[in-house]
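Here is what each chain is made of, one letter per residue.
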Amino acid sequence: MDTGRGRAKGVVKGAGNKGGGQRMFYASVGALLVAGIATLSFMSTRSGASQIDSTIKPIPNTGHSIGSDSALVEVVEFGDFECPACGSFANLTEPDIRARLVATGQIRFRFVDFPLNIHRNTWPAHLASWCAGEQGRFWEMHDALFMNQDRWSEPATRRPERVISELARGVGVGMEQYDACMDTQKYRPQIQANVEEGIRLGVGSTPTFIFGQTRVGAVLNYDQFKRYADSLIADAKAKRGTKTRTR
Amino acid sequence: MTLRRLTALVALVGVFVALYLALYKAGVIGTLACGTGGCETVQLSKWANLAGIPVAVWGVGYYLAVFVVALAGTTERWGRAAKLPLLLLVLTGWGVLFSAWLTYLELFVINAICRYCVVSAVLAVIVFVLALLDWRAQREALDRQDSVASY
Chain P
1 MDTGRGRAKG VVKGAGNKGG GQRMFYASVG ALLVAGIATL SFMSTRSGAS QIDSTIKPIP
61 NTGHSIGSDS ALVEVVEFGD FECPACGSFA NLTEPDIRAR LVATGQIRFR FVDFPLNIHR
121 NTWPAHLASW CAGEQGRFWE MHDALFMNQD RWSEPATRRP ERVISELARG VGVGMEQYDA
181 CMDTQKYRPQ IQANVEEGIR LGVGSTPTFI FGQTRVGAVL NYDQFKRYAD SLIADAKAKR
241 GTKTRTR
Chain Z
248 MTLRRLTALV ALVGVFVALY LALYKAGVIG TLACGTGGCE TVQLSKWANL AGIPVAVWGV
308 GYYLAVFVVA LAGTTERWGR AAKLPLLLLV LTGWGVLFSA WLTYLELFVI NAICRYCVVS
368 AVLAVIVFVL ALLDWRAQRE ALDRQDSVAS Y
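Going down the list, the protein sequences come from chains P and Z.
Reminder that position 230 of the first sequence reads as 230 in the numbering used here, one-by-one numbering, no gaps.
With positions in the second sequence counted from 1, the corresponding number in the numbering used here is that position plus 247.
Check the hints yourself; a few may be wrong.
Restricting the straight-line Cα-Cα distance to at most 25 Å, the calculated cross-link-like pairs of lysine to any residue (SDA-like) are [stated by the list, open to error]: (1) 57/P with 106/P; (2) 226/P with 330/Z; (3) 330/Z with 22/P; (4) 330/Z with 148/P; (5) 330/Z with 29/P.
Simulated from the structure, these hints should not be mistaken for laboratory data.
Next comes chain P alone, as it looks inside the complex (with noise of 0.2 Å):
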């Protein structure tokens, strides 16, 4: 007697039940995938955007610019140098905003330091960009750090203060006047005051991004970035345009 055939047969009594059960069962999983793409559909739309109370004044003549005096708006980036967030945007996206909106004299771009607890060797970073500036540097600076961010930050090195003095050497800042900086930590107290500006505009990450007054917290690419910034070049001009009227 077959009593392997039969066990299994008896075991899973009302397998295969093509009744109420099972249809409501295979009911459920096609609402559970209708769920599910619907969800994730509208989580990849989100944009991450969101207005500053329009009684916060952004914003502050602080952090370090790029691009001309004469142009219509600034954007500001307020960026952690460990974060690869900012790292992701510095390498890829930022060239292109700065030869195709910052060379063509459309916006300044500002960096405002906004270092996060979670990074342990972003501070010296932070302070290394502020002692290079000090010496004309700064971008110069900024780029190599976020360049070759996989030799300092934690997961490579515990003592990030060499690569990063390397790093400045290599741009070109004079080691002696550096040194001294840092030894001192001479911007702590400005680098501090940035994050402190920074948690008064309601940014809780980085990169978060600040068009006048809409805050983008996410990396944006080229695209994403030039239609924030078009539409904060559009408002410009239009009050531009009503003031001179208004004259």
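With chain P held as given, fit chain Z onto it using these hints.
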């Protein structure tokens, strides 16, 4: 059967959670930013890939496998397969062990917790418990059959 249906449904939720993480890792979905809950730290760490494939993609494959096996277990054709509960048990047991290792890495090596990874780990435990109950139910039914047969 109810157990296998539940297993299939929970695994399907797992497919979507892992799919979200895989799409996030690929940059298609979500906002890539630091300081929003640890997913970026975990996802950008060197532990986020296994054998050159993102862990999240392994997760999608794992939950899909559990879903397919559990779904088959609810059908007329495959529901009677005697080895099916054991297959589910081994599969989900492996999933729990892998999730435990990933959670250990998050807590003690990467020092960051990703919410969606935690959800995935919880789902892995749930499908394992369901598979265990299904397997035990089969064992008990077999024992009953044996004792009936011995009369």
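Q.
Holds or violated: residue 330/Z and residue 29/P, Cα atoms, limit 25 Å.
A. OK: residue 330/Z and residue 29/P at ~24 Å, within 25 Å.
Q. Straight-line Cα separation of residue 330/Z and residue 22/P no greater than 25 Å?
A. holds, 21 Å
Q | Given pair status - residue 330/Z, residue 226/P, alpha carbons within 25 Å | A | Since the Cα atoms of residue 226/P and residue 330/Z sit roughly 58 Å apart, the hinted pair is violated (cutoff 25 Å).
(Q) Can you confirm whether the C-alpha distance between residue 57/P and residue 106/P stays at or below 25 Å? (A) Since the Cα atoms of residue 57/P and residue 106/P sit roughly 22 Å apart, the hinted pair holds (cutoff 25 Å).
Q: Starting from residue 330/Z, check that the Cα of residue 148/P is at most 25 Å away, please.
A: Given pair residue 330/Z, residue 148/P is violated - Cα atoms ~53 Å apart, limit 25 Å.
Hints 2, 4, counting from the list given before, are not met by this structure.
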